[in-house]
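Peer 1: Letter by letter, the chains look like this.
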Amino acid sequence: QQQVRQSPQSLTVWEGETAILNCSYENSAFDYFPWYQQFPGEGPALLISILSVSNKKEDGRFTIFFNKREKKLSLHIADSQPGDSATYFCAASGTGNTRKLIFGLGTTLQVQP
Amino acid sequence: GPKVLQIPSHQIIDMGQMVTLNCDPVSNHLYFYWYKQILGQQMEFLVNFYNGKVMEKSKLFKDQFSVERPDGSYFTLKIQPTALEDSAVYFCASSLAGVQNTLYFGAGTRLSVL
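As you go down the protein sequences, you meet chains A and B in turn.
Sequence positions in the first sequence follow my numbering and run 308 to 420.
Sequence positions in the second sequence follow my numbering and run 2 to 115.
One thing to keep in mind: the hints can contain errors.
[To be verified] Once the Cα atoms are required to be at most 30 Å apart in a straight line, the calculated DSS-like pairs of lysine-lysine come out as:
no., chain 1, residue 1, chain 2, residue 2
1, A, K379, B, K54
2, A, K378, B, K79
3, B, K63, B, K4
4, A, K364, B, K4
5, A, K379, B, K58
6, B, K4, A, K375
7, B, K79, B, K4
8, A, K363, A, K379
9, A, K363, A, K375
10, B, K54, B, K79
11, A, K378, B, K58
12, A, K363, A, K378
13, A, K364, A, K375
14, A, K364, A, K378
15, B, K58, B, K4
16, B, K60, B, K4
17, A, K375, B, K60
Please keep in mind that the hints were generated in silico from the structure rather than gathered at the bench.
With the hints as extra help, turn the sequences into a complete structure.
Peer 2: Put into structure tokens, the structure is as follows:
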């Protein structure tokens, strides 16, 4: 079963709008949640991340909102630009000896000019 | 930013043959990872490697898979023998410290097993 779920699978917004990408997880031991951005033909690149002790993390136009009780988080991309068109992966990892990131299936974002 | 290079970008091989995927990680990084992505599906963790040893591996890391980093050079994933279901894009990543440090990914090697 998928430990990290993302929705929607694909999303189209107009330039200037706010895109909202959703993520949920199963394992309460997860405490680190990075979002990776991937362009076609490239590897994923870290965009922004949050630890479970916080409920919000902001970096420029990108904001993560985190709800630990509901095991949900979302990535908000404000003032979306055509250059933001990419696939966005939500990932999670836990404390302890594990050093692996669990990825969701991704959301493909298209920003129309 | 720091770059992880993967060579080759695409490899076509006959089922049953051996293949080695090469990764040139970020020079001062200490942790190395392989992920597998089948088209339309999620990136699945295969293995991580630190200080010359496999730290953790998933069920996808079959007995036919092996990893090494001889002489601190390329970090390699070897599959011997290959099977049809090994066809996927394989991503290498490296990080300076543990997973809560940034993982830097390569562009992937697309492996096609015929």
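Peer 1: For the pair supplied as a hint, K363(A) and K379(A), is the alpha-carbon distance within the 30 Å limit?
Peer 2: 12 Å, holds
Peer 1: For a C-alpha distance cap of 30 Å, please report whether K60(B) and K4(B) respect it.
Peer 2: This hinted pair holds, its Cα atoms lying about 28 Å apart.
Peer 1: Has the given pair, K58(B) with K4(B), been kept, meaning a C-alpha gap of at most 30 Å?
Peer 2: This hinted pair holds, its Cα atoms lying about 24 Å apart.
Peer 1: Is K375(A) close enough to K60(B), meaning Cα to Cα at most 30 Å?
Peer 2: Satisfied, since the Cα-Cα distance of roughly 29 Å is no more than 30 Å.
Peer 1: Do the alpha carbons of K364(A) and K4(B) lie within 30 Å of each other, as the hint requires?
Peer 2: With Cα atoms ~26 Å apart, K364(A) and K4(B) stay inside 30 Å; holds.
Peer 1: Does K4(B) lie within 30 Å of K63(B) when you go C-alpha to C-alpha?
Peer 2: Distance ~28 Å between K63(B) and K4(B) Cα, so the pair holds.
Peer 1: K363(A) and K375(A): Cα distance at most 30 Å?
Peer 2: 11 Å, holds
Peer 1: Would the pair K364(A) and K378(A) pass a check requiring their Cα atoms to be no farther apart than 30 Å?
Peer 2: With Cα atoms ~16 Å apart, K364(A) and K378(A) stay inside 30 Å; holds.
Peer 1: Would the pair K379(A) and K58(B) pass a check requiring their Cα atoms to be no farther apart than 30 Å?
Peer 2: 27 Å, holds
Peer 1: Verify the proposed pairing of K54(B) with K79(B), using a straight-line Cα cut of 30 Å.
Peer 2: 15 Å, holds
Peer 1: Do the alpha carbons of K379(A) and K54(B) lie within 30 Å of each other, as the hint requires?
Peer 2: 35 Å, violated
Peer 1: Please verify whether K363(A) and K378(A) have alpha carbons no more than 30 Å apart.
Peer 2: With Cα atoms ~14 Å apart, K363(A) and K378(A) stay inside 30 Å; holds.
Of the numbered hints stated above, those contradicted by the structure are hints 1, 2 and 6, listed in ascending order.
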